[in-house]
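Here the protein sequences line up with chains F and Z, keeping their order.
According to this note's numbering, the residues represented by the first sequence are 1 to 311, in order.
According to this note's numbering, the residues represented by the second sequence are 1 to 249, in order.
Hint data in this document are derived by calculation from the structure and do not stem from the laboratory.
Honestly, I wouldn't trust all of these hints.
[Said to hold, decoys possible] Short, incomplete list of chain F residues facing chain Z, as computed with Cβ under 8 Å:
(1) Asn48
(2) Leu50
(3) Arg74
(4) Ile81
(5) His84
(6) Val99
(7) Pro100
(8) Gly104
(9) Arg148
(10) Leu156
[As the list claims (entries may be wrong)] Ranges of calculated distance between the beta carbons of each label pair, as one might list FRET restraints:
(11) Z:Met145 to F:Ala293: 50 to 58 Å
(12) F:Tyr11 to Z:Trp156: 56 to 64 Å
(13) F:Ala172 to Z:Gly3: 50 to 58 Å
(14) Z:Phe83 to F:Lys107: 37 to 45 Å
[Said to hold, decoys possible] Part of the chain F face toward chain Z, derived, beta carbon under 10 Å:
(15) Arg45
(16) His89
(17) Ala149
Glycine residues also receive a C-beta, built at the ideal position from the N, C-alpha and C atoms.
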Amino acid sequence: MIEIDQISKVYDGKAAVDAVSMTVETGTITVIVGTSGSGKTTLLRMINRLEEPTSGEVRINGVVTTSMPGHILRRRIGYAIQGHGLFPHHTVGRNIGAVPQLLGWSKEKTRARVDELLDLFSMDPAQFRDRYPAELSGGQQQRVGVARALASRPDLLLMDEPFGALDPIIRARAQTDLRRIQRTLGSTIMLVTHDMEEAIHLGDRVAVMDGGQLVQHGTPAEIIQNPATAFVADMVGGVDRPLRLLSLIAVADIVEDGPATGTPIAAEASLRDALSACLWSGRDALPVTRGDAIIGRVTLPAIRAQAQATA
Amino acid sequence: MSGGGLRRIALTALLIALVVRPSWFAWAFAPFAPTGGPVIYERASLLSLSLNHLGLVVLASTAATAVAVTLAILVTRPAGAAFLPLSRTITNIGQTFPPVAVLALAVPALGFGSGPTLVALFLYGLLPIFENAITGLTTLPPATMEAARGIGLNGWQRLNRVELPLALPVILTGIRLSVVIALGTATIGSTVAAKTLGEVIIAGLLTNNTAYVLQGGLIVGLFAVLIYDAMIRLETYLTQRVTGGAAGR
Ligand SMILES: Nc1ncnc2c1ncn2[C@@H]1O[C@H](COP(=O)(O)OP(=O)(O)OP(=O)(O)O)[C@@H](O)[C@H]1O
Ligand SMILES: [Mg+2]
């Protein structure tokens with residue numbers, strides 16, 4: 001558990017981060033969203049003490065972060081920097097293996113881990129391991145930057161716009177991969193983005209920052225349904241809100257008995273996908289499958305009921 | 001073999017012959033000697049003058065590199081940052097001070113001989129190396145430095161694994177400039193009785209013997225050209241080893 005307690009950073013008399021408090025549960029993803037300059041990076045950098053807070057403190061599992069030297073703290077926390085920051089004079093393999101090497105892993109173990117991570121990010125180890133960062137595309141550099149942060153399987157990962165330079169397809173895959181990795185390892189992730197879509201897709205919790213302040217911290221559904229301020233409402237995108245809400249709910253949650261015909265939809269799909277399928281094929285109900293078996297149907301009125309503001 | 005390689009070998013052979021067997025070239029220098037006067041310098045062996053000359057340069061440049069790089073590292077640390085402007089000013093003043101003046105000032109303190117020459121070469125060699133090392137250490141990519149801290153490298157590890165390797169090409173350029181300046185400056189050292197190749201040139205000037213002047217000048221010039229070339233190749237090699245060639249792109 002990470003407790004951020006009244007943390008502030010003042011630059012030249014102006015607060016970049018203004019008395020932010022929040023608690024991040026172990027094994028969850030918290031996505032910090034906000035416009036440019038709202039203090040997201042500064043907040044993240046105060047957690048691993050790349051920046052010392054002007055006031056306030058951070059506790060990780062009850063231990064105050066200032067109780068150990070900064071570099072020792074940072075070796076335990078994965079950090080994917082905004083704009084990758086790879087070492088230009090080291091190969092991809094050495095870049096990814098940097099933290100394991102610092103922690104004294106054996107060469108074989110480090111190498112196996114490097115290959116595993118490259119595979120995970122759809123980069124052929126044999127082809128990429130010995131290349132230099134300058135020999136990669138921007139998206140590949142960014143994935144290597146994320147792989148470096150993951151390398152030592154840290155319990156806590158800080159990621160600053162890790163998927164910014166990726167095209168939508170690779171981006172969606174990287175997000176799904178990250179979610180999967182996080183679920184299997186039970187890691188705690190704090191991720192910064194200015195893309196609300198990404199926040200809703202990835203976050204167990206979403207934290208919205210505005211002008212250095214934390215204006216709302218809650219589940220994606222809470223943020224969409226009850227935006228705390230006009231700014232948050234703006235961020236979750238006025239007209240898109242019902243669709244965003246639907247994208248959070250699985251078909252399985254509102255499946256009912258009854259007849260339906262045509263191409264079925266999977267129980268794990270979101271209501272947004274189901275709505276889309278209804279509209280596209282002109283149907284009012286879709287059969288729902290789990291595995292190969294049909295388990296019921298999902299109807300347009302039921303979907304519509306879910307999309308309404310819970311006022 | 002490439003044309004550059006052949007030319008390099010030819011020039012090296014010419015230089016060695018000039019230094020070890022100067023009498024082979026008597027026919028070439030004879031037209032420039034005064035009638036009846038000596039053609040080839042024989043008061044001291046050209047080989048020992050050359051070795052002495054190079055020895056002074058190597059000694060002074062090594063010391064200058066050690067001191068200049070250490071200073072540059074110190075003033076680019078957070079604790080030494082306050083001294084950065086001051087050290088820059090001193091560097092700039094030093095550069096405007098002519099080497100002859102340094103020699104003249106060092107003689108009363110160190111006497112005649114190699115001492116004052118060594119001091120002049122050392123002081124003069126500091127400047128380009130310090131300047132380049134500062135440039136190299138202060139223009140590192142900020143994202144890379146942030147990542148170096150972010151993954152948990154301590155100050156010492158950042159210096160050794162990231163900052164120095166990335167600054168190396170620029171530092172090496174400074175060392176090369178410094179060495180070439182020292183090769184030239186060392187000739188002036190013979191005015192205060194240091195045993196360098198300048199002795200041949202000065203003897204020629206004093207006795208109106210252009211053959212001597214040409215001989216000394218040619219040897220110093222060939223040393224400078226060949227050493228400059230060798231250092232460029234060393235730089236390319238080291239840079240590639242450290243950066244995998246990525247830095248040059
Ligand atoms: N070292 C610094 N010195 C002075 N001001 C700073 C410093 N670092 C950040 N700031 C200021 O603090 C504010 C917050 O910056 P921060 O980098 O945290 O924003 P951000 O939310 O990450 O923005 P972006 O989405 O553009 O990355 C900005 O107004 C910035 O100018
Ligand atoms: Mg930022």
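Hints that the structure is at odds with (numbers, increasing):
Hints 7, 8, 10 and 12 not satisfied by this model.
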